[in-house]
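Residue numbers (the working numbering), protein chains in the order written: chain C, 1 to 279; chain B, 1 to 101.
Bear in mind the hints are in silico, worked out from the structure with no lab data behind them.
Don't take every hint at face value.
As the list claims (entries may be wrong) - Subject to a maximum C-alpha distance of 20 Å in a straight line, what follows is the list of computed SDA-like cross-link-like pairs (lysine to any residue): (1) C:Lys157 with B:Ile57; (2) C:Lys157 with B:Asn52; (3) C:Lys225 with C:Arg164; (4) C:Lys157 with B:Ala56; (5) C:Lys142 with C:Thr27.
To be verified - Chain B is nowhere near these chain C residues, computed Cβ spacing over 12 Å in every case: (6) Glu26; (7) Arg28; (8) Glu62; (9) Asp104; (10) Asp117; (11) Gly178; (12) Lys218; (13) Pro240; (14) Trp278.
Note that CB positions come from ideal geometry on N, CA and C, so glycine has one too.
As a plain string of letters, each chain reads:
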Amino acid sequence: MRNENLRTLISRLKTYYMSTFDTRPETREEALVETLLRLADDRLILGHRLSEWTGHGPELEEDLALANIALDMIGHAAALYAYAAEIEGRSDEDYYAYFRDDIDFKNIAMVELPRGDFAFTIARQFLFSTYSYFLYDLLIKKVADEQFNGMLQKHFKEIKYHLRHSREWVLRLGDGTGESHDRMQEAFNEIWMYTGEMFAVDDFDEAAINKNLFTDSKTFYDEWKSFVNDVIEEATLIVPDNDQYMYSGARRGRHTEYLGHLLAQMQFLRRSYPDAEWK
Amino acid sequence: MTDNPSNNTEWPLWEVFYQPKDGKPFEHAGSLHATDAEMALQNARDTYARRNEGIAIWVVPSDQIVASSPEDRGPFFDPANDKPYRHPQFYSVPRAVKKRK
Chain C
1 MRNENLRTLI
11 SRLKTYYMST
21 FDTRPETREE
31 ALVETLLRLA
41 DDRLILGHRL
51 SEWTGHGPEL
61 EEDLALANIA
71 LDMIGHAAAL
81 YAYAAEIEGR
91 SDEDYYAYFR
101 DDIDFKNIAM
111 VELPRGDFAF
121 TIARQFLFST
131 YSYFLYDLLI
141 KKVADEQFNG
151 MLQKHFKEIK
161 YHLRHSREWV
171 LRLGDGTGES
181 HDRMQEAFNE
191 IWMYTGEMFA
201 VDDFDEAAIN
211 KNLFTDSKTF
221 YDEWKSFVND
231 VIEEATLIVP
241 DNDQYMYSGA
251 RRGRHTEYLG
261 HLLAQMQFLR
271 RSYPDAEWK
Chain B
1 MTDNPSNNTE
11 WPLWEVFYQP
21 KDGKPFEHAG
31 SLHATDAEMA
41 LQNARDTYAR
51 RNEGIAIWVV
61 PSDQIVASSP
71 EDRGPFFDPA
81 NDKPYRHPQF
91 YSVPRAVKKR
101 K
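From just these sequences and the hints, can you work out the full model?
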């Protein structure tokens, strides 16, 4: 009896707080929502970081390109959130972006790191877009949910462009001037310990994998590695050590200090004026 | 430093053309700066093809375009002014051809 009361309490709390203390998704709906939010949070946070370049790009044309990619990624996140909101019976997707705290965000740490210099932004975009490319390619073949799969197919086209754009920049900066070469190398060295989270699979992922709603990212790790290695070497750079310490735990709420600051900026207006509208 | 420092710091200029539909001629969209041909194509996509303007893009280094000069305007274009017979509308269509339509 007591146990049942506790279970009721937990499930009630869960409707109010999606947090790191969530229990493993049991139902198909829970697994689907968890997967949608993990994908969406990565894309919203990286999209926001890219948007910080608006007005600060190295050239007008690159400013536009980065803002375009930012908009694409925030758009992907919005579509995924909207589907999660539909399943959870929320009025709209804004709740996920604006009314959760940092501990509830399920993104990997790599996407929340400050934008750094242009080389760092490009290194991160290249590594993440390569990961997205292989991930979506597999998900499209595997995901058994029609609406979810439709979104993935639509977004995949844009991911291909993000990959092409960032890859070309890695080649040009790596094999460019002495300064651009050094900065590009430094960016890869700095970001490398955050790449491990892309390929970490926990029991939340497994719940979704078992229901054909997600895929094991380890299955494409070798492809990711060989593609990334080829580009880095073609850019006359050195591939950082893959066996170094890897950051972990962000998907379950253990974020870097940077996420809180990002959210403060992103969420401030909506939280201070919840009823504000675009006029 | 050279006399004109902007030559060193600015990326080369490219002209962008896009094709609105299959079979249609390419139209000039504008120009942009880019490091090389591949980046010019990508920048053209981001600058001029965001609103479904077309299905194909050409980029050409601006300094490779050979243009007529303002002084050419008279000798190049004025002679056409008084030659309306160069337009197909100048000729009336024979009745037999009209009927067939």
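How the hints compare with the structure:
For the hint pairing Lys157 of chain C with Ile57 of chain B, the CA-to-CA distance comes to about 18 Å; that is within 20 Å, so the pair holds. Taken as a hint, the Lys157 of chain C and Asn52 of chain B pair is honoured in the structure, with Cα atoms around 15 Å apart against an allowance of 20 Å. Taking the CA atoms of Lys225 of chain C and Arg164 of chain C, the gap is about 17 Å. The hint holds against a cut of 20 Å. For a cut-off of 20 Å, the pair hint linking Lys157 of chain C to Ala56 of chain B stands: about 16 Å separates their Cα positions.
Annotation: proposed proximity of Lys142 of chain C to Thr27 of chain C holds, straight-line Cα distance about 19 Å (limit 20 Å). No Cβ of chain B comes within 12 Å of the Cβ of Glu26 of chain C; the nearest lies about 43 Å off, and the non-interface call holds. Against chain B, the non-interface label of Arg28 of chain C holds: every CB pair exceeds 12 Å, the least being about 37 Å. The non-interface label for Glu62 of chain C is inconsistent with chain B: the shortest C-beta to C-beta separation is roughly 8 Å, within 12 Å.
The beta carbon of Asp104 of chain C sits about 34 Å from the closest Cβ of chain B, which is more than 12 Å, so the claim that it is off the interface holds. At roughly 17 Å from the closest C-beta of chain B, the C-beta of Asp117 of chain C stays outside 12 Å, upholding its exclusion from the interface. Every beta carbon of chain B lies more than 12 Å from that of Gly178 of chain C, the smallest distance being close to 16 Å; the non-interface claim holds. No Cβ of chain B comes within 12 Å of the Cβ of Lys218 of chain C; the nearest lies about 32 Å off, and the non-interface call holds.
For Pro240 of chain C, the condition that its CB be more than 12 Å from all CB atoms of chain B holds, with the nearest at approximately 26 Å. For Trp278 of chain C, the non-interface assignment is confirmed: its Cβ lies about 20 Å from the closest Cβ of chain B, beyond the 12 Å cut-off.
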